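Colleague: Residue-level listing of the chains:
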Amino acid sequence: MTRPEQRLARALDRLESGGPAALGGEDRELLELLETAGYLRESLTTVPAPDSFKRELRDWLAQPRPAPWWRPLLQPRRRPVIGAAVGLSAAAVVVGVLVLRRRRLASVG
Amino acid sequence: MRRLSAAELDAERRLVEAAQADPARFGELYERYVDAIYSFSYHQTGSHQQAEEVTAETFERALKHLPGYRWRGVPYSALLYRIAASVVSRHRRRPPFLELHEAHPATKPGPEDAWLSADSGRTLRSALARLPEDQRTVLLLRFEAGLRNAEIARTIGRTEGAVKALTFRGISALRKHLDRDEVLT
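Those protein sequences? They're chains L and H, same order as listed. Residue 1 is where the first sequence starts when you use our numbering, and the numbers rise one by one after that. Residue 1 is where the second sequence starts when you use our numbering, and the numbers rise one by one after that.
None of these hints come from the bench; they were simulated from the model. All values derive from a computational prediction rather than experimental measurement. Incorrect hints may have been included.
[What the hints assert, rightly or not] Here are a few chain H residues that sit away from chain L, every Cβ distance over 10 angstroms (derived from the structure):
(1) Ala21
(2) Arg82
(3) Arg92
(4) Arg130
[Unchecked claim] Which stretches of chain L does chain H cover? Using the computed rule of at least three CB atoms under 8 angstroms from a CB of chain H, they are:
(5) 3 to 9
(6) 27 to 36
(7) 49 to 55
(8) 77 to 86
(9) 89 to 100
Here a beta-carbon is modelled for each residue, glycine too, at the ideal position from N, C-alpha and C.
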């Protein structure tokens, strides 16, 4: 036998699609839960937002906002520029490490 | 909230793409979902002031992340609910919120006041408030927002099996609370 949460989920789906709950006689407990679910669905009324709040929030959201500074950098035509900058930086780091290592070896020798 | 048909889902995809191309079109998504997100936040926090804060932050974050949003075939509301649930969790970890309803009553009673004044509504809200946050979130997403188990799973970052278990445990606990309050007897 499947678990009760699976049976309840299936019964709820069936009811919501307009079919019967189709529960077995041993599912007395589920019947009570379906009754509670029906009560919940009927009683859970949507509480609309106050009009003044909706208006203020809509106006505030409609205000122009500057795009983040990094967004233009992600545009396709800018990507080669970023790639070149990252590549040059990486090359500089590698050169720096090699120079330091050579100097250290020279001082040991 | 009613579930979207395939055609409505496709129309919503086009709307999201239009908003990505022109942020001014985000207003249409906002109008479509602001009440739903406010209601979800209100049921989660039990406070109009916190519901406004959560709703405002949810849409601000959604707008900020709109350029990087990728359509995955689920309603845009799934993203909004995910953000709202995360904001609610963060708010819950903050010190208790100071409610000013007594000193500064609403200018005029709205539909929510009628809902609150109804005994059954008040009892249900009280029973929901006693549930653990994850169970309450799942029940609200299922029975108020009308999301499917797979959509809820994606929204809260859990498996579909976990969503079914949370639904079962949430309804069972709610049943006990409501029985105790003699609503369902």
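Colleague: None of the hints should be skipped; say for each whether it holds.
Modeller: The hints, checked one at a time:
The claim that H/Ala21 lies off the interface holds: its Cβ sits roughly 14 angstroms from the closest Cβ of chain L, which is beyond the 10 angstroms cut-off. Against the 10 angstroms criterion, H/Arg82 stays outside the reach of chain L, whose nearest CB is about 19 angstroms from its own CB. Every CB of chain L lies more than 10 angstroms from the CB of H/Arg92, the least distance being 19 angstroms, so the non-interface label holds. A cut-off of 10 angstroms between C-beta atoms confirms that H/Arg130 is not in contact with chain L; the least separation is 14 angstroms.
For the segment 3 to 9 of chain L, the stated coverage by chain H is satisfied: 5 residues place a CB nearer than 8 angstroms to a CB of that chain, which reaches the threshold of 3. Judged by the Cβ-Cβ criterion of 8 angstroms, the segment 27 to 36 of chain L is covered by chain H as claimed, because 4 of its residues qualify and three suffice. Counting residues of the segment 49 to 55 of chain L whose C-beta sits closer than 8 angstroms to any C-beta of chain H gives 4, which meets the bar of three, so the coverage hint holds. Residues of the segment 77 to 86 of chain L lying with their CB closer than 8 angstroms to a CB of chain H number 0, which falls below the three-residue condition for coverage.
Remark: the segment 89 to 100 of chain L is not confirmed as covered by chain H, as 0 of its residues place a Cβ nearer than 8 angstroms to a Cβ of that chain, below the required three.
Checked against the numbered hints given earlier, the structure breaks hints 8 and 9 and satisfies all the rest.
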